[in-house]
Amino acid sequence: MKNWALQALDAVSRRGVAYADVRVVETRDREISTKNGKPGHVSSSESLGLGIRVLAHGCWGFAATDELTREGIDSAAALAMEIARAGTAAHKADVILAPEDKYEVVWVSPFGVDPFSIPIDQQLSTLLAVDTELRRQKDVSLAEASMHFEWRRQVFASTLGSLIDQTRCVSGTGFSALSYKDGEIQRRSYPNSFGGQYQVKGYELIDELKLLDHAPRVAEEAVALHSAAQCPEGEFDLILDSSQLGLQIHESIGHPIELDRVLGTEANYAGMSFLTLDQLGRLRYGSDLVNVVCDARLEHGPGLGTFAFDDEGVPAQGTDIIRHGEFAGYMTSRETAAQVGQPRSNGCMRADGWARLPLIRMTNVSLQPGNQTLEEVFDVDHAIYMETNRSWSIDDKRYNFQFGCEIGWEVRQGKRVRMLKNPSYSGISTEFWNSCAAIAGREHWTLWGVPNCGKGQPEQVMGTGHGASPARFGKVRIGSAYAG
Amino acid sequence: MPDDVLAKAQCENLFGQVMDAARVHGVSEMEAILAGGSHALTRFANNTIHQNVAERSVHLSVRPVIGGRTARASTNRLDHQGIREVVDSAIAITRLTEPDPELLPLTSAQPYGDVRRTYEATAHTTPPERALAVAEAIGAVEEKGQTAAGIYSTGASMFALLNSRGLSCWYSETMARFSITAMAADSSGWAKQSACYHGDLKPLEMALRAARKAERSRTPCELPPGRYTVVLEPAAVLDLVGQMFPDFSATAIRDGRSFLNDRIGKRVFGENISIYDDCYAALQAGAPFDGEGVPRHRLTLVERGVPREIAYSRQAAAAAKVQPTGHGFPLPNEFGEAPVNIVIAGGDSSLDEMVGATQRGILVTRLWYIREVDPYEKIFTGMTRDGTFLIEGGEITRGVRNLRFNQSLIEMLSNVEALSTAIRASGEESIDMVVPAMKVYDFHFTEVTRF
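Line by line, the protein sequences give chains A and B.
Taking the working numbering, I'd label the letters of the first sequence as residues 136 to 619.
Taking the working numbering, I'd label the letters of the second sequence as residues 158 to 608.
Possibly wrong hints are sitting among the right ones.
Claimed, not checked - Computed list of lysine to any residue pairs in SDA-like fashion (alpha-carbon distance at most 25 Å, straight line):
1. A:Lys-173 / B:Ser-185
2. B:Lys-359 / A:His-226
3. B:Lys-165 / A:Leu-183
4. A:Lys-556 / A:Gly-369
Claimed, not checked - Per the computed footprint, the stretches of chain B lying under chain A, defined by three or more beta-carbons under 8 Å from a beta-carbon of chain A, are:
5. 194-201
6. 206-219
7. 233-246
8. 283-289
9. 486-495
As the list claims (entries may be wrong) - Stretch-level coverage of chain B by chain A, calculated; a stretch enters the list once three of its residues show a Cβ under 8 Å from a Cβ in chain A:
10. 253-260
11. 514-528
Read the hints as simulated data drawn from the structure, not as lab findings.
No residue lacks a Cβ here, since even glycine has one placed at the ideal position from N, Cα and C.
The whole structure should be built from the sequences, with the hints applied where relevant.
Dropping the structure here:
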């Protein structure tokens, strides 16, 4: 892989570039799922290719190929140069990059058990046991369970002289029970919806999550929701579990702090951001309790945004995003850092494979734990508690959001008193975070993985991490999804 | 034939190597899919080209059938060793998989309808050609004092499915897309087109249309949430209505996850709603066969408001004792099948006539971040975006701030007052479709955002 990277770098350097980098990426993944007592999907895949990014004539060019012959690499190098030259047809100012050092590093993410060392039949039987347990509950129409594993090795080489060899192991698993009854569909999932929990770990993640222990409760709740009361509509205190709060962070903090969105380069698809440059250091983005970081370092945890170097050769860093409620930082790249006069990128450029250009992507954007007990978070006269995301939507500048959850409970005097179905809440990002009234402590903090974040044209799907503890918010609009 | 697209003969040769590798293991039932091609995209923002990319890739995936078991392995290494390893891997994991009592033998050879959707000129569009078209579009927006962002992409792709029972189907297609957002200080406009032949795209016209929308929606006013008559442009219709078609699936109904459970054959939408799945429609794209190699059949999904036909994969068809419809996904998968060539029948109105006949309402260019709120009542939420206008007395009078909707599709498609001619439309949240603009009463907006 190193030879291909250096060969490609040499091919573009010979043609004359201001800067270039090459990523050779090899991935191997395994997906297993079960559905109503049968295998649903059993597959493995591997992919190997390289992407060449050049800065020439003041413009970027990028070409990717899986034809890893001398001719194939040379042809991709020539195409990258041709594309950069073509960019001069609509060119306003030369691209300038913030300075960065040269690194030569080999890094492998920590893991306990290589998931590919566990036979597929053993993994299938774990899922089928969960499936059987889910379907013990009468009125579960659809039981689904899955595991996903990936090894990804990337060799990065740049004209700065960097040569970075990184390997990450990602594991994920989850299950759900769906019940269709009397003209209504309800679903419960564990440990999270839309695929479950994903982390940079080995097979030990599967064991830690104790899937089978949670199956009876999940199935029971899916069916019980049919007879639960409809979530009321109005303004109430809202308590969120940590997985839903993780997605709330993703949508209403993670995306708005992407500096490429702020600067307009995602305007046609993903959109822009309400966090214009004049807001930095001025905007109240949360109550005093709210501290948010963007942290790709291993010490933050095994999140999907954990790595040693980003995809333009910048070391993983931790950046304050919200400090005691004040907006304190963006996620940047070498190009955008230079554009806003920052001395260095904070290392957030990531690509979803060898065929794609790196973009500013979330690493691990996390709400730091508070110092309250879970009992204190629930200690209110009246609130609505919601768990596990069911739907999510936010406008293209990230002001107005609406989330639906799988299940809710009415809370009175600190106790859950009745189950609620179809819970949803909505609001404006800054108003919501400013209403944060309590955050549970470190012992309730989980680093959740969102494996399916879309951005860019052509679209790239990226895994991001979001740490959160359960938290309470005051006077949130609840139930408008079903209003009227 | 575009250079980066594998020809049918090349696919057959590679499949021969797959079979040779399988016979070493004593396996005779094999299926292979070859897919890939080349794709290039010129991306612009802030009136400049800022990302400009090209990629070439082909992958091979193989699926053995061994004693009622099946699994799939994929690779993009198409050399002899790569093919041998992927076949070894597929056979190894298949042998470890649990048997599926409903698994069928591989599909035998089938006849397919003829569709021609490959254009050499589109496959060979060069970076300078795309850049010049983009520069012209940017110029038109910049001339209005606005800022442009968007994409121009061109590419060629192929999909081949071959198996040991003599099935050998191959399809190639070229596709071009142009999309542009024009932004003024407090407003924006958007336009997008896609076509198999890039010459059918009109980048300059789209740029001017987007700029006009941005100009006309300056200084937007805020409307209170509530129920409004809306005129939805085709892109807004497809992105919203497109969300319901995965439910027109026998497997989804069997799973209990479709809103059509207990609704097939009953009146669900208004009488003016008829919807087809038709791969052969003139403005459609895509292969005339599905992921199992079954020829695609035309389906009447909704006839005058009544859901009639649904899609069946081979397995779903066998369970229901009907014929497969040609809408199955490659096996193994959990989803079964879905219609993918949607044609919504149009009416005799036009966008201008719909606006002209609206006393008070909202014209919607585009919708964004559409997500399902209720799977059985088919309630979706989302936002308007890039060109939302107040209609008063039959005229567009000004822009309005963007609104959040929570709207049941069942209710919406029962409240359609008028439809335009159907066109090929392209959005961001559903696949491209042939759809009309729609005038809908009592569309439910629940919140307003800040811009």
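Which of the numbered hints are not met once you compare them with the structure shown?
none
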